[in-house]
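On the provided structure of chain A, position chains B and C as indicated by the hints.
Residue numbers (my numbering), protein chains in the order written: chain A, 1 to 282; chain B, 1 to 426; chain C, 1 to 292.
Worth flagging that the hints you see were computed from the coordinates, not collected in a lab.
We put the beta carbon where it would ideally sit given N, CA and C, even for glycine.
Hints may contain errors.
In silico contact screen, one side only, chain B against chain C (beta carbon under 10 Å); selected entries [said to hold, decoys possible]: (1) 84; (2) 87; (3) 88; (4) 91; (5) 109; (6) 254; (7) 270; (8) 271; (9) 393; (10) 394; (11) 395; (12) 396; (13) 398; (14) 406; (15) 408; (16) 424.
Here are the simulated DSSO-like cross-link-like pairs (lysine-lysine), alpha carbons at most 30 Å apart as the crow flies [as the list claims (entries may be wrong)]: (17) C:288 to A:107; (18) C:147 to B:184; (19) B:186 to C:147; (20) B:426 to B:127; (21) A:270 to C:216; (22) B:83 to C:70; (23) C:199 to C:182; (24) B:83 to B:58; (25) B:294 to B:184; (26) B:376 to B:127; (27) C:199 to A:110.
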Amino acid sequence: MESVTDKGPKPVAKVFTYIFLGFWAFVNIFPIYFMFTFSLKNNDEIFGSNVIGLPKQWIWSNYAAAMKTGNMWLYFLNSIIVTVAAIFISTMAAMMATYAINRIRWKFSKLTNAFFMLGLTIPLQASIVPVYVVLSNIHWLNKYTTLIIPYAAFSLSMAILISSGFMVDIPSALDEAAKIDGCGYFGTFFKIILPLMKPAVSTVGIYSFLQCWNEFMFANVFISDSVHRTLPVGIKALSGQHTTNWGPIGAALVIATFPTLIAYIFLSRKIQASFIAGAVKG
Amino acid sequence: MKMKRLFGGALAGIMAIAMVGCGKPAANNGGAASGEKISLNMWCIATESDSNRKSYEKAIADMQAKYPDINFTWEAFENQSYKTKIKAAVSANEMPDIFFTWSCAFLGDFVDAGKVYCLDEVYEKYKDELPEKMLANTTYNGKHYGVPTTMNIVGLFANMDLLGQVGYTEIPGTYDEFIECCDKLKEAGIIPFGCAGKETWCVTEYLESVIEKSAGADTLNAIFAGEATWNNQDVADAVDTFQSLVNNGYFDPSGVGLTNDEVKNNFMAGKYAFYMNGTWNCADFAANEEFFPKVKVGEFPVINADKSKLGQLIGGPSDTLAVAASSPNAAAAADYAMELGKLICHYGYLDGCGLPAWTPYGDTSSVNGLTQSVAKIVADSDTMVLFGDTAMAADSAATYLSYVDQVYGCLLDGDQFIAGLANDIK
Amino acid sequence: MKKFKKGFAIVVFLLPGLFLFISILIAPIAVSLFRSLYDWNGFSEGTFIGFQNYVELFTNGSIKFMTSLKNSLILAAFSVFVQLPLALFLALLLGRKIGGDRVFLSIYFMPVLISTVVIGQLWLKIYNPDYGVLNRFLDLVHLGQFKHVWVGEVGTALGSVIVPTIWQYVGYHMLLMYAGVKGVSTDLREAAMLDGASKWQVDRYIVIPVIKPIIKVSVIFAVTGSLKTYDLVRILTEGGPYQSTEVPSTLLENMLFIRNRYGMGSTISVMLIALCFAFALLISAAFKEREY
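Bound-form chain A, shown alone (with noise of 0.2 Å):
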């Protein structure tokens, strides 16, 4: 194996490759790193003495500023309770839904499927006024469910999507064996399937999580009161407040992105792979 990197050549092409990724890499980290160093410093030292460097004097108030008048904390748990349901919520229907697609023999499975797929093209700003109108009606706004219904309605085609990938992987003579001891549609689906489907899971909640995690549009308008409201929202509230004073904003958007980013450094294997999974499944 080895022989084969090696024919390839010189040693001044790899010093370029490495330059090139280096340099994409320094591109992709440096606002981070610039982020966090001026959530340290006073405007002082970001507007004038030490733009880049790291912070002469660390200044956690900008911290305690941000948690204060940000209530960071709060939003950071509104979002992951509204992206933990909405995730839970169109795994489950697409797990289910991907089952009667994929398993059962009907007419119109293709067709079902299809019409799901619409789903992947439509653009999330297109509902929001009828949908809007109707949460209202119902007085459905300012609630968490405001929220994860829709998230979980427009992670679905995609969930559905990358199931469907895995799930004609599983054999079907399992569903035969199932049958003949004795088991219904859904003692299968519940018995053999799901429990089966485990990697799915990993990656349809990767792929969901990106979508809700980062949304605005919808949770700019449909939560009004700041206890539901989610980090998107909180952190434009926030810096709406602090325009001149950046190091309480940029406290903020660490408290906002830090978290996610530490998790990732963690896991970072396993959600490149399930990631990579969705990409081949899907």
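Just chains B and C now, with coordinates in the frame of chain A:
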């Protein structure tokens, strides 16, 4: 980040806006029995960075102490998202009991839809403290719907330190002197004007003053009220005048990418000589000990003396509180809103957030000098013209702002401006 | 009986998905179609006006729908012709078993995980005309003449939105493509190399054809994603200066919440959906054509 406030000619009695029909005043079955514990909720825009924040806090504290039986909660939203929020809440009938609103068309739409509680009954109680002319902009079909708090005009703020560097001790009084002053400032490497291009209402603070002082207050008023066409050569010429200010490099070029808060901070940091904006800024300027001694406020000079004169101002009665018709305790909320509005006005005036809409009471000698100068300008004023974007209905206002934006960017000249507006505003 | 049981099972399994999908996605589109024919402010009764909204969309000088479309298409073009090639290039490089590929992969994927609002705020600080890192850097290297009010000038504002957008999602597409690249069997590669193919030839003639379906998905996502752009525009430029960076979604929002024109907002929704579908079909067709 305040939406423009407007003053429906409280002094000149301009009530030109075609007020929409009142709709059916929603049945109000409020009126909580006394002693019964009720809850009231309020939304407003007095966020931490808002200059009105302190007056809201003090007023609310007073109210809560006075009415322990009323469980009062409130929430403040950032200005831009508040507009979204309140409109959404109105269409959904999910309004809080008391809400902050801008007068004229903004509140008018809600009144039109029958979503706002009529305050005529409760106003009787406060008649002596709140002059009826202050309600002009929130009166629709002869009925009152809003509790005004403070009122403001557009002021020409000047950093006298910078003006001193080019030999001025006063804000120049005539337009020619004013332009000469700008040229001198420019020569000395000082930027004359700061204006936040990211928030178009800041551009209108300049543009509307230029139009008013060129074409006259009555003309502008009639146009905003929809009684006269935009197709007016005087307006086109005024727009060209404004553009010549832009093209002469009087405006900070980085202003186009900044928000008003950023521009205001630049002004306080001594980056610009002039800053045209609402007089609510007096509070922030007064609070900055280092900057306050340097700043003066004046009136934009007359450009065409045949059509306009000093004393023609842009401005209006400012923030308003209104009560939702859907509130289960609407009558109690109306009472509460009145009293709260009075207190916010009182504390706001003391802080310098604006001039009082209510008759001032108590010791007001502590009001900062800048606000007092504004009070003098207003007392000497002749005509006030509503802020265009608040006077017009939402759709027209957005069209108007879009054209103002294009004028500021010199994408349109005066003739295109009037032709476009005459065509697109119905 | 058996047939009934089967039918019952199908219904039950599809129910949650269909419920979500129809109530949140499909029904609203139908409502939008209907409402787009009305002049309606959201609170009162609307009036039926036929296709006037559609006509006004293109004729009203202050609505700027054409500008918004143009901006979306420019963004889409940059996504397809800059972002995706870059992602593909990175994926191919990392697919060659070079050391440290895991680390690079992890780093490149990081921006994807950051909320767009955070990214917007962060870049706003980078672009700040007076204190931003970008202008400071230009000063430092004595290129002061290239300084700009990045988000405030007509010439640079759109670019200022495009750069972070591309920056954020390169990692996303790269990882998708990397998955495909890794899926190419080593035997195939080695066989080709033994035949004397260079690495680039292997990539060009073996790897890229294999991952074509993934590239197709990436292109569709990039284009429809560009049509849907909202967050970064809202935060970085607010559609300005002079509405030169409006995109359909910001116009949509303005219609709803600034102009009180729900009817016109629905019209824009309908246009947006139609465009997304049209492009998705077009791209699929383009890829099919060359598949032989």
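Verification of the supplied hints:
1. 84: Nearest chain C Cβ about 4 Å off; hint holds.
2. 87: This hint holds: residue 87 of chain B lies near chain C, its Cβ roughly 6 Å from the closest one there, short of 10 Å.
3. 88: holds, 7 Å
4. 91: Nearest chain C Cβ about 4 Å off; hint holds.
5. 109: holds, 6 Å
6. 254: holds, 4 Å
7. 270: violated, 13 Å
8. 271: holds, 9 Å
9. 393: Holds. Min distance 8 Å.
10. 394: This interface hint holds because 4 Å falls under the 10 Å limit.
11. 395: Result: holds, 4 Å to nearest chain C Cβ.
12. 396: holds, 9 Å
13. 398: Residue 398 of chain B check passes; min Cβ-Cβ to chain C is 5 Å, inside 10 Å.
14. 406: Holds, because the Cβ-Cβ distance from residue 406 of chain B to chain C comes to roughly 5 Å (cut-off 10 Å).
15. 408: This interface hint holds because 7 Å falls under the 10 Å limit.
16. 424: holds, 5 Å
17. C:288 to A:107: holds, 27 Å
18. C:147 to B:184: Holds, at about 26 Å.
19. B:186 to C:147: Holds: residue 186 of chain B and residue 147 of chain C sit about 20 Å apart, inside 30 Å.
20. B:426 to B:127: Not OK: residue 426 of chain B and residue 127 of chain B at ~38 Å, beyond 30 Å, violated.
21. A:270 to C:216: Between residue 270 of chain A and residue 216 of chain C the Cα gap is close to 25 Å, so the pair holds against 30 Å.
22. B:83 to C:70: holds, 28 Å
23. C:199 to C:182: holds, 15 Å
24. B:83 to B:58: holds, 25 Å
25. B:294 to B:184: The given pair, whose Cα atoms are some 19 Å apart, holds under the 30 Å limit.
26. B:376 to B:127: With Cα atoms ~25 Å apart, residue 376 of chain B and residue 127 of chain B stay inside 30 Å; holds.
27. C:199 to A:110: Since the Cα atoms of residue 199 of chain C and residue 110 of chain A sit roughly 41 Å apart, the hinted pair is violated (cutoff 30 Å).
In summary, the structure is inconsistent with hints 7, 20 and 27 from the numbered list given earlier, while agreeing with the others.
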